[in-house]
Structure formats: C-alpha cells, structure tokens
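Peer 1: For reference, the chains in residue letters:
Number of protein chains: 2
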Amino acid sequence: MSATVVEVEKVEKMKNKPEDDQLGFGKYFTDHMFVMEYCDETGWGNPRISPYEPITLDPAAVIFHYGQTVFEGLKAYRTNDERILLFRPDMNMKRMNKSCERLSMPPIDEAEVLDYLKQLISLEKDWVPSSEGTSLYIRPFIIATEPFLGLAPSKQYKLVIILSPVGSYYPQGIQPVDIKVEEQYTRAVRGGTGMAKTAGNYCATFNAQSTASKQGFSQVLWLDAIEKKYIEEVGTSNVFFKVNGEVITPELTGSILPGITRMSVIEMLRSWGIPVSERKISIDEVYEYHQEGALEEVFCTGTAAVISPVGAFEWRGTSININDKQIGDVSRRLYDTLTGIQTGKIADPFHWTTEVK
Amino acid sequence: MSATVVEVEKVEKMKNKPEDDQLGFGKYFTDHMFVMEYCDETGWGNPRISPYEPITLDPAAVIFHYGQTVFEGLKAYRTNDERILLFRPDMNMKRMNKSCERLSMPPIDEAEVLDYLKQLISLEKDWVPSSEGTSLYIRPFIIATEPFLGLAPSKQYKLVIILSPVGSYYPQGIQPVDIKVEEQYTRAVRGGTGMAKTAGNYCATFNAQSTASKQGFSQVLWLDAIEKKYIEEVGTSNVFFKVNGEVITPELTGSILPGITRMSVIEMLRSWGIPVSERKISIDEVYEYHQEGALEEVFCTGTAAVISPVGAFEWRGTSININDKQIGDVSRRLYDTLTGIQTGKIADPFHWTTEVK
Ligand SMILES: Cc1ncc(COP(=O)(O)O)c(C=O)c1O
Ligand SMILES: Cc1ncc(COP(=O)(O)O)c(C=O)c1O
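If you read the sequences in order, they're chains A and B. Those letters in the first sequence? Residues 1 to 357, per the numbering used here, in order. Those letters in the second sequence? Residues 1 to 357, per the numbering used here, in order.
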C-alpha cells in the first residue's frame, strides 16, 4: 500500500548545507520535517511536511512529566550513481510499533509512515551527503502531548521525523575501541523497558558513560542487572564474540534492544556458513575463552558505526586485549559487505535496501 | 538566603477558576508559571514569572530523544484562617538535586528555587482551593533543551514550575484499596534510576497499571526486579506494614523513591513511641504474618493521598484481606495528624510547614 502524497509547506529560504567534513553527528538538521498527530477519538491524522521548526507544547504535556515516547534511528545513503538507499526501514517501523506497545502508545500504520518518511527524504535528497562514510540520519519519534498530570497514558501524540546529515563514524579509518565492563550502573532489567527504544533508557546511561570516558574508555559493556554476569549490550550497540570459529551473541531476553544491524549480521554470517548462536554468554566465560586463546574477535553492531571492533575489555581491574587490538577478518568482512550493500557498491542478495525515488 | 523578587509578566485576562468539586487531579492550571534557564557557560539564569503558556522547543531537544528530565510534586494548603502552607518543600528541593545527580543534570540552588516557588504561589494564592481535602499541586520540573542528537548530557536546560488546583483524593471518605502484586513488569532495579523522580520511571508503569485496573485493582505492588520477592513500592507511594505492634517499611536500597511522606511518617511514629524498622520485607513474609494473624495494618504514603490504607493484596492467585478491609487505628491517626498539620488545623511540633506570605 502507498500513502497519499502529503501536504508540503516549503521553507522560504533554504539553509546553507555544511561541508561533509564538518558534519559530526546530530548537529545539523535539514530544511523540513514530517509531522502527524494522534488523538484518541480520531486516530492518526493531519500528516504534513513543514519547515523544520520548533515544537510547541503545553507545559503539562505528558512527555515532560512521565516520558511517554519512542523513537527510531536509521540512515539514507547516497550511491555512486546518485541513488538514495534506505537499509531495512520496514524493520524500524516494526520495532517502533513494538516500542509503542511497551509504552502504552497507539500503533502507527507501518507502511504508511514509511511512505511519508520516503516523501520527506525525497524532498530533502540534496541533503544526503556523498563522501565515504557519510549518510543522512533519520530520526522518527513519537511524543505524548496531552496536557494532563494524572498517571495514565496520554490521549494525544505527535509523530515527528527529522533528518540530520552525519559524518563518517571513522574519519581516520576503523579503530578497535576499549570497553569498560560496567559494574555500578545498569541499563535495563527483565520486566522493564530495555527492549524498547524509549528516551528513559538513554538518559539513564549518561553517568556510566561519562565516568568511562574520563577513564579513557569509548563505551561501557552492560551486564544483566540480576546476576551482574551475563552480557547484554555495549553502549548503544549489540555485541558479538567469535570463539573457536563460532559467533556468539546474547539472546534477546527482553532487556536487550533487538538491533536491526544485529539481525542482519546474524543472517549474513549464516549465509556465509559461519555458525551463529544466540545464547546467554557471561563475562567470566569471555575472559576464560581469552585465557584459552579461543576468543578470536569481538565486535559491536548498530546503525551508527555499523560494525565496531572491540580492542580491549577492562573488568574488575583486569584488561584483556582482543586479537592484538587488530580488526578481525570476520569484522572486516561484515563491515565491508554491510556498508557495500547500504551504499549500493555491491549486490544486495538479501533485498535489504529500498530506493527513495 | 532569599532570592531577589523575580520579574513578573502578568496575564491580560485571568482564567475562570473551576469549582472545588470539579477539580480532579492535574487537569486545571493557574494563570502563571515560573521559568528559568540553564546553559553550560553561564549556569542558571533568567528567572521569571510569565503567563501560563506553551513551551517551544527545537524538535532535536534532548528531552524528546533521551529523556533527560527530573520533576517534583508537592502541595500548598489553605488553612481555615486563610494562610497558605507548604509541607517540607525544602525536602522536595533536596530530592530534586539528588535526581539531577543521577540524571547527569546540573544542580539548582535549593533555597533560591524554593523562594521563586513561593513567589509564584503568592501571586496565585487565589487559586489555592479551600474545601476539605483540596490543595494546590505544585509541579517543578527540569527538561534538557539542547538541540543535539549525540548521546551526551544536554548543555541547556529549562526549569518550569506549574500549579494545578486539585480535588480531594477521597471525595467519599477514605476507602482501603485492593492491590495487585505485580509479577510481570518491574519498576526499577539497583544501578537504575528508581531513586530519582524522572519521567522514564513513570511511563514504564502504564502497562502494568492498566492491566491491574482492568482486573479491578487500584494499584500494583512492585517487587524487587532481582529476586521478585522483596517489596519496593505501591504505585507511586511508599508502603508500610504494621506487624505485632511494630511498623515495617522497605529500606531505601536505590531502586525505591525516598518519599517525603514516608520520611515524615517514620519520624511521627517514632515520636509516638511506635517502633519502626526500615528493612527488607518480602511478600511471602507478609503473607505469613497474615496467616499468623500478626498483620495488623498496611498503608501507603505519598503526597497525593497522604495515607492510603490497603484493604487487600492479591498475589499468585491468593487474596488476603487486611484488617477486615477497615482503616486501622495507626493509619487513621497518621492521616488525621499529617493532614491536620498540613492544613494548619493542629499544631506542628516538627516545624514541617512553611507559610507563603
Ligand atoms: C540500546 C541500543 N542497542 C542496540 C542498538 C543497535 O540497533 P540497530 O542495529 O537497529 O541500530 C541501538 C540503536 O541503534 C540501541 O539504542
Ligand atoms: C514512585 C514514587 N514513590 C513514592 C512517592 C511518594 O513520595 P512523596 O511522599 O514524597 O510524595 C512518589 C511521589 O509522590 C513516587 O513517585
């Protein structure tokens, strides 16, 4: 199905576009945004593309007090032959609805919102940067807007899509990163909101992240909150361990975000005949594998960096280096193949990309 | 110390005030609000009272994406001799700063913000309702406003105080409530944000609360996320158990919100010579005490209802009635004394109330 073409109110004067090497992440925004609203009586409606402009909300809006909100993150890539590709955007729409369910929010029509998203990108296509590693980051989000302080799901929502041209995650080429195993703070727990992409999960990590940064680590590794033993995620990415030729990643237990890169990596590895197992894996197990010389590679997966190799872990005062702090063969092959597919440089046998016309 | 008198921009036309019996909770807001802003370079500044009006934020503001925010909740009461009293507002300011710490947010000057809060209430004093059980609910909150999608604490914030006249929590007189012990969802876990008053903790409870409501319960009782055994809180209140003459309440472990009513109840009970212990208490222990006939009273504490007696629990298919679903003597005495102090009907030996001039 295809949504009707939305009403577009164009900006009077377009912004100057930043140079590709100035982009960074999430600092610049395009000229337009997509907005639609929900109210309990009539459902979702009033879809429109407007100039990128401030959101105006009653100070009592539920988002400000009880944080009812979900978001998504995906990218549009420019190919060498000037086409614009999205990577599995249907999966982001699906995950957004899963998040809505957990947050007591009304579902969206996935195909319809995806169509609106494409219309917005189509209008903003000149904003998709072209240098190696750059892309247009797409941030759909839904916020609860009803002005009511009672503790109950909002009866009104606003869905917004904004776009931000972003720079290469690896301006100096891929570098394996040092990771601290977090002991004090926790990210999520069973029965909580860990599997949903919702604001409250992210602010909760700032303290841990800034302590780790001060200590010289790029990210923290989150352990399960219950036994403080099983590996969950690394920063805002999923994590994989190559042990004796097999690739292991934590199973989705409800406290881990089901990454779309994670899912794609699993499918790709299997298509290559590399065994993958989704199971519980503990941090002491990882240290044991390292001790035995069986830990071959560790890498993280996520929309931001695609594949990010881990160079070292530090846990309870003991550091281990992974693969001599070099990028492993599987990590490299995954990175090249995934980014190759995303940017249209190589064939897409999985039919993961969609073109924005 | 006392803050300087803030700049006031008065509304042109005041709203019609609702009747006391129409109030409900958090539906009506007064004519004015307090606002001040923070930026990393200059700290907190620009305090002012303005008409109650929409907040305008960039769509990339951190609050919408990563939920960096804290809030407080307290009440102003009208006495029979037309004075306006606040109940331990310094404790709310203190807790707000504790919450800020957990959320990587800059601290406020507690005395200064309390002074601004009083200036706002003073201006809005005609909005403080006078019927039995009514009050003016005060909602200070801080939101992260920097337009940046990078995962890092915001460099800009807005502190807002809004006021809402609220009705009696017990229009038909106090009624003990039925509580469901929640097995599926969890509210908080050690290392998380449970001890902070932050938005993400609240939306996370909507699913559990709405299932419980459909099943005929008023609230859920939260167990600890780790062993699913120890009692944490009930809805958005703390909980107390009177067992063989002793009063027991869960100790503050980091996943429980340190209620100001909780703290006051503990001090008050001790002043009456009733022993109080803050310790771990498990749900099976509570069921055992009930079996033995030792469970005399259960009540919840919080700003909204002050004291709310529990009439029954339901856990894993077994219901128990507490004190024949009657209000216990201690619950009643606490309710009468606390509300008496809050509304200036009885003496305040603890010096808990502050008058707004
Ligand atoms: C907490 C968390 N884990 C993992 C991921 C990776 O998911 P994806 O591969 O869909 O980007 C993300 C988001 O990007 C995340 O926020
Ligand atoms: C989660 C939670 N627990 C307990 C309480 C009770 O705290 P207080 O007595 O300060 O109102 C509140 C807030 O009112 C709360 O939000």
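Any given hint could turn out to be false.
The list makes no distinction among identical chains, and a pair is therefore deemed to hold if it is satisfied within one copy or across any two copies.
[To be verified] Dumping the calculated SDA-like pairs for lysine to any residue here, alpha-carbon to alpha-carbon at most 25 Å:
#1 Lys98 with Tyr202
#2 Lys229 with Arg190
#3 Lys75 with Pro147
#4 Lys17 with Arg190
#5 Lys155 with Thr211
#6 Lys98 with Gln184
#7 Lys75 with Cys39
#8 Lys228 with Gly254
#9 Lys229 with Met195
#10 Lys27 with Thr56
#11 Lys118 with Pro147
#12 Lys75 with Val243
Calculated directly from the structure, the hints in this document are not laboratory data.
Peer 1: At 25 Å max between alpha carbons, let me know whether Lys118 reaches Pro147 within a copy, between copies, both or neither.
Peer 2: between (31 Å within a copy, 23 Å between copies)
Peer 1: Classify it for me, Lys228 with Gly254: is the Cα-Cα distance of at most 25 Å met within a copy, between copies, both or neither?
Peer 2: Answer is both; intra-copy 16 Å and inter-copy 16 Å each pass.
Peer 1: Give the relationship of Lys27 and Thr56 under a CA distance limit of 25 Å: within one copy only, between copies only, both, or neither.
Peer 2: So Lys27 and Thr56 pass the 25 Å test inside a copy (21 Å) and across (19 Å) alike.
Peer 1: Cα distance capped at 25 Å. Does Lys75 pair with Val243 within a copy, between copies, both, or neither?
Peer 2: For Lys75 and Val243, the Cα distance exceeds 25 Å both inside one copy (31 Å) and across copies (59 Å).
Peer 1: Is it within a copy, between copies, both, or neither that the alpha carbon of Lys17 lies no farther than 25 Å from that of Arg190?
Peer 2: neither (44 Å within a copy, 45 Å between copies)
Peer 1: Cα distance capped at 25 Å. Does Lys229 pair with Met195 within a copy, between copies, both, or neither?
Peer 2: both (19 Å within a copy, 23 Å between copies)
Peer 1: Go through the copies and call it for Lys75 and Cys39: within, between, both or neither, with a Cα cutoff of 25 Å.
Peer 2: neither (29 Å within a copy, 31 Å between copies)
Peer 1: At most 25 Å between CA atoms: does that hold for Lys229 and Arg190 within a copy, between copies, both, or neither?
Peer 2: both (14 Å within a copy, 14 Å between copies)
Peer 1: Indicate which option fits the pair Lys98, Gln184 if close means a Cα-Cα distance not exceeding 25 Å: within, between, both or neither.
Peer 2: For Lys98 and Gln184, the Cα distance is within 25 Å only across copies (17 Å; inside one copy 29 Å).
Peer 1: How would you label the pair Lys98, Tyr202 (within, between, both, or neither) given a Cα cut-off of 25 Å?
Peer 2: So Lys98 and Tyr202 pass the 25 Å test inside a copy (17 Å) and across (18 Å) alike.
Peer 1: One pair to classify: Lys75 and Pro147, alpha carbons no more than 25 Å apart. Within, between, both, or neither?
Peer 2: between (33 Å within a copy, 19 Å between copies)
Peer 1: Within, between, both or neither: how does the pair Lys155, Thr211 come out at a Cα-Cα threshold of 25 Å?
Peer 2: between (39 Å within a copy, 17 Å between copies)
Hint violations for this structure: numbers 4, 7, 12, all remaining hints satisfied.
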